Amino acid sequence: MFKKVLIANRGEIAVRVIRACREMGIASVAVFSDVDRNALHVSKADEAYLVGPAPARESYLNVAKILEVAKRCGAEAIHPGYGFLSENAAFARACADARVKFIGPPPSAMELMGSKTRARTAMKAAGVPMVPGSARGLTLAEAEDMAASVGFPVMIKAAAGGGGKGMRLVKSPAEMKSSFETAQSEALRSFNDGEIYVEKFIENPRHIEIQVLGDEHGNVVFLGERECSVQRRHQKVIEEAPSAVIGEDMRQRMGAVAVQAAKSAGYTNAGTIEFLVDAQRNFYFLEMNTRLQVEHPVTELVTGLDLVHLQLRIASGEKLPFQQQDITLRGHAIECRLYAEDPENNFFPSPGKITKLLRPSGPGVREDSGVYEGWTVPLDYDPMLAKLIVYAADRPAAIARMRRALDEYFVGGIKTNLGLFRRILEHPDFVAARIDTGFLDRLLATKAAASTGTESLAEIAAVSAALFAAASAQKNSQNSSATTEIAQQSQPSAWKRTARTEGVRNE
Amino acid sequence: MFKKVLIANRGEIAVRVIRACREMGIASVAVFSDVDRNALHVSKADEAYLVGPAPARESYLNVAKILEVAKRCGAEAIHPGYGFLSENAAFARACADARVKFIGPPPSAMELMGSKTRARTAMKAAGVPMVPGSARGLTLAEAEDMAASVGFPVMIKAAAGGGGKGMRLVKSPAEMKSSFETAQSEALRSFNDGEIYVEKFIENPRHIEIQVLGDEHGNVVFLGERECSVQRRHQKVIEEAPSAVIGEDMRQRMGAVAVQAAKSAGYTNAGTIEFLVDAQRNFYFLEMNTRLQVEHPVTELVTGLDLVHLQLRIASGEKLPFQQQDITLRGHAIECRLYAEDPENNFFPSPGKITKLLRPSGPGVREDSGVYEGWTVPLDYDPMLAKLIVYAADRPAAIARMRRALDEYFVGGIKTNLGLFRRILEHPDFVAARIDTGFLDRLLATKAAASTGTESLAEIAAVSAALFAAASAQKNSQNSSATTEIAQQSQPSAWKRTARTEGVRNE
Amino acid sequence: MIYEVTIAEMVYRVELVRTEQAWNCKLNGRVLPIDAVFVQEGVLSLLLDGKSYEVKQEIIGAETNIVVGHARFGVAVRDPRSFRSRQRAGASEQGVKKITAPMPGKVVRIMAAVGAQVEAGQSVIVIEAMKMQNELKAPKSGVLKKINVVEGAAVEAGQSLAEIE
Amino acid sequence: MIYEVTIAEMVYRVELVRTEQAWNCKLNGRVLPIDAVFVQEGVLSLLLDGKSYEVKQEIIGAETNIVVGHARFGVAVRDPRSFRSRQRAGASEQGVKKITAPMPGKVVRIMAAVGAQVEAGQSVIVIEAMKMQNELKAPKSGVLKKINVVEGAAVEAGQSLAEIE
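Chains as they are written, first to last, in the numbering used here: chain A, 5 to 511; chain B, 5 to 511; chain C, 19 to 183; chain D, 19 to 183.
By construction, these hints were calculated from the structure, which means they are not laboratory data. For clarity, every value in this text was computed on a predicted model and none was experimentally measured. Please note: incorrect hints may appear among the correct ones.
Restricting the straight-line Cα-Cα distance to at most 20 Å, the calculated cross-link-like pairs of lysine to any residue (SDA-like) are [unchecked claim]:
| id | chain 1 | residue 1 | chain 2 | residue 2 |
| --- | --- | --- | --- | --- |
| 1 | A | 8 | D | 66 |
| 2 | D | 69 | A | 6 |
| 3 | D | 69 | A | 38 |
| 4 | C | 164 | C | 139 |
| 5 | B | 7 | A | 407 |
| 6 | B | 75 | C | 69 |
| 7 | B | 357 | D | 80 |
| 8 | A | 451 | C | 89 |
| 9 | C | 124 | A | 58 |
| 10 | B | 7 | A | 400 |
| 11 | A | 8 | A | 80 |
| 12 | D | 69 | A | 28 |
| 13 | C | 44 | C | 30 |
| 14 | B | 451 | D | 27 |
| 15 | B | 204 | B | 136 |
| 16 | C | 155 | A | 347 |
| 17 | B | 451 | D | 25 |
| 18 | A | 8 | D | 67 |
The whole structure should be built from the sequences, with the hints applied where relevant.
Dropping the structure here:
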């Protein structure tokens, strides 16, 4: 096993990996940018090194600098987390050249899965079910023929695309030409690659993915599925395991396909095969993520395994400590991604100081967090603060537990999407597991219904607001000196200032 | 299912039950004493009522008052938690008379198991293996014959005894008379009942207990065992599940005996049969706890079940939702009981204000807590603050995870036993699972070895101490006004005062 | 002390008198037998007729919310006797409305000049954070009276960026 | 600023100079290139030669501990120039030792009278909390100079109960 591992990431996933290292007796090395000196992953790691200024390309994406740190501190391996360099094959190659183990798949597998069309070709060859369409770039004329053969509506996609860019839905032959050209120019602008292909459009699909795990001795297993259909603009918001619509038979079929896909790609370590599932429960290959997923905890809770421990063991050359038949699913897990963003204001990011943090705990509650009370969330990175994951014996109990945990969660000082989760968890379609990738956008299009009994609570809120004001007014009169002192710290609002004074008193 | 449940308890177990009620859509009713108005269970419950002054006998043991509150607020059932009224058969009867459901076994079963000798007689009749000895009260002469027949050393025990009171170890016939008489008079003083019996003394036994669960339709199952050998003066300190020395065969045999014992006692709801296990893995009935145990979470983590949910469902008349063969154990769980007591000062209780609370979280970590930062732990009750429970795939991983979680745990302002757990978890005998009920007392008799590498850290500590001092001195000079203001709040030490000032700045 | 608390256009008149250990409270003239304790900074434990409420005060920029259980209420508290409140009150009567930054960020574009006539809902200032742009709209129709920032300026949450009269 | 920090009878001389954003630090005359940030009240993030230390300050009654990782150190910090420190220093030179309450509780018994000769380790005062009694012993041999409490009195953690000279 490695003696020292560098984590080329920040936020909750860096802390997650640091914890795994601590548990395995591995020294952990954090890297940080100028604005992250106070970040949680810096103080939790055994070592920490500055790698550059705030912009990610100069710090967390700075391959040369990160490898230099790894060499200097003697790290034997690098865990990339997710995002940043995690799917960057060039970085994986650079690690190999620097004789630092990249904790992930071989660069070849990353490159293969990085190109939509190459991946489609390879997966098709491996017998993985595909959405009908072309496996390679097409001319407009070819695209029109293909659309005619698979039947409208179709999707036009950029081969190098991602995050919805360079994608167009085409409902009829008439729209084909203009859509093809806009998609192509968008693809050229965004990815500097105009390759375009065509797929049949699957209406209201579910997004269901299979977790695979392969060692470097040819063994590959799958760890069940994750239901990730609750998305906003292709961004997952809530994930769960298992999926309410997947029976044991379908799970085995999807798993077998996923294992086959991974093997054919020469895949090792943790990876995820994403599928679209249509109303008839047909599943089609969407793409493979060649890294640890944000939502890996739900798989950990239902399998009882620790994916980061296993990643480290696999990367250090160990064989998988179990076989497929040893893996069983138990209970139900749900994850909510806590973001510093404002659902009532078009999900605009809301960085700033976390003035108060009350965290849920107790039975079946897991919080993977990258923040703490008093920390200022920087403007420069992804606004995810933490993940709240719950486990219970079945889906209804897990939903009820998540609601309870959300009631205990409180983040003061910045906007978060906490309020949105309750709306989702109380929606009859979510409760009945009638969800597809359009579910959340449909929900957001409807106005939030005031939770029941709210009216009666308004009086309590009014009285409380007055009590907070009165208590702080009292403090002010008693010690205006302290108030002015605290006022020097440029608090934006009188309310905040008085809350401070309150704080002095309460401590 | 009940619509409203009163929780006749305080601290972490009250919060634990309130959370279960919240998850099941049951309104929760807290009761509190004069000194507990600020306690966590009061603000977490849906309703809360004052039941009397600080002394437990006038509040948390005040049967008349608690039942009056239950009737007034319309609670249909009462959950007693553990301790306080939980094993009080008279209270259970009073609930029945008041037509409030007592969430626990029938009073008859509580009474049977409440008397050591009656329990022994009943368990013997039920074929439960017993430590050789008498099942009933003895005269001195009878005791001497019994000791001769089972062989020395023997234990003399008070029939009504508990917590080590009225117990004497007798190594030879010569000591018999005096020990018998002191035990008897002690028993008379403590329990107002001089009944004495004799048992063979088991040297260095393990304390292993079986969790049973029975519904009110005659179904009883067992949920595996808990290893509770790490004790100080008969008080459990660390518990785990499963036990490292129990194989599947022995588990089934102990479970069958426990189920038989529970059935013969007409037992329902959650209960625990405690066994002594000797070096040859023989197990002997010790006693039955007719309530939820403090350590129930380790069973929940390895079975995936929620014992409090099940208690509520059983009490409301539901059948057990599973059968014995559906119950499987997975992974390993360990619990540490966090107490406000000072291991370096004879475990003297240390109430007071919790000035800082950093709580562990992340993968496999569960915290069941009854406290919060800023709360003042009252002098009047049991000093348990919280329980830290971890889950991992196997025992070594669980031990490593517990160490990691303990490193993240910080309680400022009062003394706690946090430091003791690391000593235990690093002890080679604990790591090798070579533990018996004498293990901890032996460990405490030896001086704590300084953790390795501590020397080098002393310099860091020295520099840090100076930094804290300098930072606060600076604040003082900058705003003596604030300092004096804060000084009004009678902080015991200049350090604490300056830490406050620091706080104003950091918020 | 007397406060006027506005929640969703409803105004609640709350009278509070601090006694030895408790608060006496009247809501719209009606006595409420509350038992209120500040358990932590910004966290209030309120007992009323046996019901227990854990109430949290949420301050984000210029906005204050009160969270009761899982219900959140935007509140405006006014102390009729306080100078600042009178000013504010006065201001709103005169119909001056501010555009404030909802979160920290950078001003990337100012879309109207001082003195210009703007319509309610018209975008006036664009600020950016975490690679996302946010158009701040005029809260009312009127004349753009003041602009307190320039393009490229970094702004704090709650900072007043412009005024419309 | 210069501090003398005592840990387990070892005295460390720490020199600190506050610069723009950092602290310059000398330990026993040797320069230490520390990077120190107070991340929370009582929590310090310290970087030194690449190593990262999360340091917590633990104050219980009159006692201060510094927790580094899972190692805990009892510390006494002395500012040679500070009046209070000089006093303390003076006191210990004169050999006056206090008996302080390790935790809140009630004084149940006082086992020696003012002016009595007591031996180091001899029980002087018994206090009780949570139904447990705790005998507070003389820190040194000498004359019981002062007793600041009476039987039945409630005491705070860190409160000085008696003095021995």
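Holds or violated: residue 164 (chain C) with residue 139 (chain C), Cα cutoff 20 Å?
-> 17 Å, holds
Please work out if residue 75 (chain B) and residue 69 (chain C) have their alpha carbons no farther apart than 20 Å.
-> 15 Å, holds
Taken at face value, is the distance from the CA of residue 30 (chain C) to the CA of residue 44 (chain C) at most 20 Å?
-> 10 Å, holds
Has the given pair, residue 155 (chain C) with residue 347 (chain A), been kept, meaning a C-alpha gap of at most 20 Å?
-> 17 Å, holds
Is the hinted pair residue 8 (chain A) and residue 80 (chain A) satisfied, with a Cα-Cα distance of at most 20 Å?
-> Judged against 20 Å, a Cα distance of about 6 Å means the pair holds.
Is the Cα-Cα distance between residue 8 (chain A) and residue 67 (chain D) 20 Å or less?
-> With Cα atoms ~16 Å apart, residue 8 (chain A) and residue 67 (chain D) stay inside 20 Å; holds.
For the pair supplied as a hint, residue 7 (chain B) and residue 400 (chain A), is the alpha-carbon distance within the 20 Å limit?
-> OK: residue 7 (chain B) and residue 400 (chain A) at ~18 Å, within 20 Å.
Restraint check for residue 451 (chain B) with residue 25 (chain D), where alpha carbons must lie at most 20 Å apart | 19 Å, holds
Straight-line alpha-carbon gap residue 69 (chain D) to residue 38 (chain A), limit 20 Å | Between residue 69 (chain D) and residue 38 (chain A) the Cα gap is close to 17 Å, so the pair holds against 20 Å.
Going straight from one Cα to the other, do residue 69 (chain D) and residue 28 (chain A) come out at no more than 20 Å?
-> 19 Å, holds
Is the straight-line distance between the alpha-carbon of residue 7 (chain B) and that of residue 407 (chain A) 20 Å or less?
-> 18 Å, holds
When you check the alpha-carbon spacing of residue 69 (chain D) and residue 6 (chain A), does it fall within 20 Å?
-> 18 Å, holds
When the structure is compared with the earlier hints, no violation turns up for any of them.
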